[in-house]
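S.K.: Just so you know, the protein sequences line up as chains A and B, in that order.
Under our numbering, think of the first position of the first sequence as 1, with each following residue one higher.
Under our numbering, think of the first position of the second sequence as 1001, with each following residue one higher.
No wet-lab data here; the hints were simulated from the structure.
Note that the structure is predicted; figures quoted are calculated from it, not measured.
Heads up, a few of these hints could be off.
[As the list claims (entries may be wrong)] Some residues of chain B that are not near chain A, with every Cβ distance over 10 Å (derived):
hint	residue
1	Ala1016
2	Ala1032
3	Ala1054
4	Arg1058
5	Ala1076
6	Arg1080
7	Asp1092
8	Gly1106
9	Gly1109
10	Ala1127
11	Arg1172
12	Ala1245
13	Gly1252
14	Lys1258
15	Ala1287
16	Glu1290
[Claimed, not checked] Covered stretches of chain A (in silico footprint by chain B; criterion: 3 or more residues with CB under 8 Å from a CB of chain B, positions within the stretch not fixed):
hint	stretch
17	40-46
18	85-96
19	159-169
Even glycine gets a Cβ: it sits at the ideal position worked out from N, Cα and C.
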Amino acid sequence: MNGALSGARTLLYKEVLRFWKVSFQTVAAPVLTAVLYLLIFGHVLEDHVKVFDSIGYTSFLIPGLVMMSVLQNAFANSSSSLIQSKITGNLVFLLVAPLSHWAWFVAYVGASMVRGLVVGSGVLLVTLWFAPLHAVEPWWIVIFAFLGAGMLGSLGLIAGLWAEKFDQMAGFQNFIIMPMTFLSGVFYSVHSLPSFWQTVSHLNPFFYMIDGFRYGFTGHADGSLAVGVTIMVAANLALALLARSLFSAGYRLKP
Amino acid sequence: MPAISFQSVAKTFSGARGDVHALTDVSFDIQAGEFFGLLGPNGAGKTTLISILAGLSRATRGRVTVMGHDVVTDYAAARRSLGIVPQELVFDPFFSVREALRIQSGYFGVHHNDAWIDELLAHLGLADKADANMRQLSGGMKRRVLVAQALVHRPPVIVLDEPTAGVDVELRQTLWQFVARLNKEGHTVLLTTHYLEEAEALCGRIAMLKQGRVVALDRTSALLAGRASTMLRFKMDTPLPASLAAQSRVTGRIVQIKAHDAREVEAILATLREAGGQPEDLEIGRADLEDVFLEIMQGEPERAPA
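The whole structure should be built from the sequences, with the hints applied where relevant.
M.R.: Written out as structure tokens, the structure reads:
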């Protein structure tokens, strides 16, 4: 087999094995978190919030929670793996290996997508007990899940390259990733917002991920699917190019 | 074709307090099959040079090749030819010893490598630790795994960056026997160490770095022959007279002073007598590498051009 390809495959395997070995923390815990959100918000708001005429609040909330879990865990995987390897110094094992920049990118982002999609599937399986859910447009579900996981995996990779300390990483997560996920319409339809905040929401790429993914289950979208796909493909490409140029420059990896 | 070639390598770190010249115009070749020592005090630039060789750092100027492959433009081939044992005791806490070795092997595109992995484990005394998690290993055992990881893809060139720092006698012996065997089988070995007796015993040729420059480069035997030839060693409890203190090396009670011939020995003893010193266990011996090292390092530093 081609050496470079098999190097990338090994790194992908190692990154998946890494989170799988601590799956209680990396898979079970986020599934539990999502279920708690569902129990609390679903129970409290089911009879008070009407988002679309035809479906209940719980059925609206579940796809949002699933996608939020996909996004947060895709980000967490590449970012925490990289920062840990940087701080403990074991990144040297990768730096001395003949891995291309694309091998790094494909392996880190690929493993992030695996974790995001595994956690998302777990959340979906567990929450199916709570409300009826049908895949109305299964391809949109798949497309948005992959594009969203890829985008957050890439963002996690870039954050992992950038951060030199754990608190910088926590800052990135708490001040950028968390607000953008919570303000993306996971818990509400952006149509219920004042028009100014509707406009702001339409500038948040996370809104399109949640909205497009939810459309696959409900058949209702708050925004345009075409715009959503375009923005996400563009964002994925831009982040891949940014990651590549950071690797090429040896950014914070090669003094 | 040399196994390793450093060609006018310079490295400058830019910092808030100005530029630091870690390496200034370092050039030398290591031929295939050599056991080569790179010596120098802390901060001389040894690890910086090795980091550039390994692709962990980038040279500001100059070029480095491994088996003819440029470490920047042809990095994949260069790294496949190179096995690096890093100085820091690093490990990945998620994996067992065998997993870590299989993964490292896979990065180099070498799969189904268990026969060689088992051989490495046996030679390094790790056979019974193969399935232990890296976290459970003692420092010495982790060091052995680092050696195994560096060799897992069978590189022709092996670099050991201070591999015996803080390592017990038994592991040092195991390690040197193994590395000497690899060298006999044709591997090129580049070693940095602070244990000069190790370098003297193992290395056929030595380069000494000081303040980022090569200040000595020769066969080990030539370095020993060409420099301080004899040393006067004795033990003494009273302080040395000032005239002798400047040119001697003192370790606790043990004093060593360079003395080229009998006349110099007599002069030293006379100075001691005048000062009322009582030297014990007097002996005259050949200089070892440590003496040569100190003589070179205490010489006037060559000034870097501004």
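S.K.: All hints, please: hold or fail.
M.R.: How the hints compare with the structure:
For Ala1016(B), the non-interface assignment is confirmed: its Cβ lies about 15 Å from the closest Cβ of chain A, beyond the 10 Å cut-off. Residue-level check passed: Ala1032(B) sits 20 Å from the nearest beta carbon of chain A, beyond 10 Å. For Ala1054(B), the requirement that its beta carbon stay farther than 10 Å from each beta carbon of chain A is not met, with the minimum near 5 Å. For Arg1058(B), the non-interface assignment is contradicted: its Cβ lies about 5 Å from the closest Cβ of chain A, within the 10 Å cut-off.
For Ala1076(B), the condition that its CB be more than 10 Å from all CB atoms of chain A is violated, with the nearest at approximately 4 Å. Listed as a non-interface residue, Arg1080(B) fails to keep its Cβ farther than 10 Å from every Cβ of chain A; the least gap is roughly 5 Å. A beta-carbon of chain A comes within 10 Å of the beta-carbon of Asp1092(B); the shortest separation is about 5 Å. A beta-carbon of chain A is positioned within 10 Å of the beta-carbon of Gly1106(B); the least distance is around 3 Å.
Its beta-carbon lying about 3 Å from the closest one in chain A, Gly1109(B) breaks the requirement of being farther than 10 Å from that chain. Residue-level check passed: Ala1127(B) sits 22 Å from the nearest beta carbon of chain A, beyond 10 Å. No beta-carbon of chain A is positioned within 10 Å of the beta-carbon of Arg1172(B); the least distance is around 23 Å. With 10 Å as the threshold on Cβ separation, the claim that Ala1245(B) sits away from chain A holds: the shortest Cβ distance comes to roughly 41 Å.
Even its closest Cβ contact with chain A, about 36 Å, leaves Gly1252(B) beyond 10 Å, as expected for a residue assigned away from the interface. Every beta carbon of chain A lies more than 10 Å from that of Lys1258(B), the smallest distance being close to 40 Å; the non-interface claim holds. Non-interface status of Ala1287(B) relative to chain A is upheld: no Cβ of that chain comes within 10 Å, the nearest being about 37 Å off. The Cβ of Glu1290(B) lies farther than 10 Å from every Cβ of chain A, with a closest approach of about 30 Å, so its non-interface assignment holds.
Taking a C-beta to C-beta cut-off of 8 Å, the stretch 40-46 of chain A contributes 0 residues in contact with chain B, too few for the three needed, and the coverage statement is violated. Only residues whose beta carbon comes within less than 8 Å of a beta carbon in chain B count, and the stretch 85-96 of chain A has 9; three or more means the coverage holds. By the rule of at least three residues with a Cβ nearer than 8 Å to a Cβ of chain B, the coverage given for the stretch 159-169 of chain A is violated, with 0 such residues.
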